[in-house]
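Asks: With chain A held as given, fit chain B onto it using these hints.
Each chain, letter by letter, is given below.
2 protein chains.
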Amino acid sequence: MLYLIGLGLADERDITVKGLEIVKKAERVYLEAYTAILLVDKEQLESYYGRPIIIADREMVESASDDILAGADTADIAFLVVGDPFSATTHTDLLLRCRTSTPPIPTRAIPNASILTAVGATGLQLYAFGQTVSMVFFTDNWKPSSYYDRIRENASLGLHTLLLLDIKVREPSLEALARGRRVYEPPRFMTVAQCCAQMLETEAERAEGVYGPDSLAAGVARAGSEDEKIVVGTLSQLCDVDMGRPLHSVVLLGRRTHDMEREFIREFAVDRDVFDRVWKRDYEGK
Amino acid sequence: MLYLIGLGLADERDITVKGLEIVKKAERVYLEAYTAILLVDKEQLESYYGRPIIIADREMVESASDDILAGADTADIAFLVVGDPFSATTHTDLLLRCRTSTPPIPTRAIPNASILTAVGATGLQLYAFGQTVSMVFFTDNWKPSSYYDRIRENASLGLHTLLLLDIKVREPSLEALARGRRVYEPPRFMTVAQCCAQMLETEAERAEGVYGPDSLAAGVARAGSEDEKIVVGTLSQLCDVDMGRPLHSVVLLGRRTHDMEREFIREFAVDRDVFDRVWKRDYEGK
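Chains as they are written, first to last, in full-length UniProt numbering: chain A, 1 to 286; chain B, 1 to 286.
Quick caveat, the hints were computed from the structure, so don't treat them as lab data.
With a Cα cut of at most 30 Å, we get these calculated BS3-like pairs of lysine-lysine:
(1) Lys24/A / Lys42/B
(2) Lys24/B / Lys25/A
(3) Lys168/B / Lys143/B
(4) Lys229/B / Lys24/A
(5) Lys42/B / Lys25/A
(6) Lys143/B / Lys286/A
Using C-beta positions, here's what the derived DEER-type ranges look like:
(7) Arg170/B / Glu205/A: 52 to 60 Å
(8) Ala197/B / Ala75/A: 38 to 46 Å
(9) Asp41/A / Lys143/B: 51 to 59 Å
(10) Lys25/B / Ala178/A: 51 to 59 Å
(11) Glu43/A / Arg170/B: 43 to 51 Å
(12) Thr90/B / Arg245/A: 25 to 33 Å
(13) Arg266/A / Gly209/B: 37 to 45 Å
(14) Arg206/B / Arg182/A: 57 to 65 Å
(15) Arg188/A / Asp227/B: 36 to 44 Å
(16) Lys25/B / Arg58/A: 37 to 45 Å
(17) Ser47/B / Arg182/A: 48 to 56 Å
(18) Thr90/B / Arg99/A: 34 to 42 Å
(19) Pro103/B / Arg245/A: 28 to 36 Å
(20) Ala75/A / Ser145/B: 48 to 56 Å
Backbone N, C-alpha and C fix where the C-beta goes; we use that ideal spot for every residue, glycine too.
In isolation and in its complexed conformation, chain A is listed as follows (with noise of 0.2 Å):
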């Protein structure tokens, strides 16, 4: 059997009852470790789990999940997911690749809080959101917008709008690849600001309104955890924001809000006379 295991969001002790006597008992470990992370290492999960972990990066899953499933017909497999399992397209790709094996092998999923709720303690109600999209590092050349339109959408219905930030862990340095050497950049993984930065780069190309300096927003920082921390501002305040370390994520609020909305975010408001000027002025009862 492969066990799909979320581990929530924040440490190793977030993990279910249930998918910690999972891990207990199988047979190999496995940590999915390049769509997120914890904020513990993995020395530390391996003690309180009392198992060896064995890391999986994009390119064992990708390319070696033969490895991963082996003898997972008969033994039982653990694949531990930070967030829920169901978080990333790469598992359910997982999971197809069980169901097609010969001879099959059978699957589970332990579901776990995810960042797609965990937003909610934000005070937005996570209902009011509509399709959730990801936000990569531009570079020189390299500025995808499409999420752009996906944010468009949602705003033309008033929703508010999810960004799950980059995180680059073990990328291949592509200056030292062309030397015919493979060496790991060190991990980066983006910021509230960089996102808010990014997103007026994109409405500056391309004008279209969806959004601008003076649309509110919501930065979140380790989701879930004790250390977690919410701001709320304009995306030109969100630019200077530092909210310490990584993960990351934004929400763009959307017009169609509720006043309990209102009262709960207001209390992370970087500066409370903007934030009701702007909320008033763009947001009341749009």
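Replies: Frame of chain A, contents of chain B only:
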């Protein structure tokens, strides 16, 4: 401190290790039991957690929250919520009351799995869902259809829609109330079949062609449990499906689909020939 602790979706072992540690040492433990239910009863939770549990029904949470919060400025109170603590508006409201108490009551949420992400088990990609809607039990004179407008909005963008189905727990009997007595109706949980029938009833009434008897949907029962059941079919097929014990949910498919979604959900089709025909005609490449 008021702890809002997510219990996850199925049974007593879906609580996180962190959540369980808090339950074991809290001064009082409440269980919110009217927006969702686990598949096990209160006694099983009490025996596993080793703590007595006070059932918090809607009346208590909405009218007698002072009792719940009594002493929470100095002692630890655990308020257990099925799924994730931010899944229902009610809990945000409770947090607001803590903020405005004198003295203010510190709060903390322990996230967990939610139906909003557990429906990822269908293979439908979570980032392609629009806003979530609720379906209430229709009566002879009350058939609210605002959910239909929300589905139309999602459908106009090609997005999937999750429908959360009504549950009635400890509802006072209106008939008995009229005779001056407070008697509770037996609990009721909407089924996938009932939801799909109501959807078709609304479409027949509104006739805006947002969906129809041939629209594809996934019925999900007991999401996240070992006994999880997923069935994919047309709304008309799902009107006749028996998904067994509660809780049930429905996902109406959007047309902006991915081939991996097709491959994954086809496995759950009531009738693969019908599925293939409808998919090819109405979904593929739309």
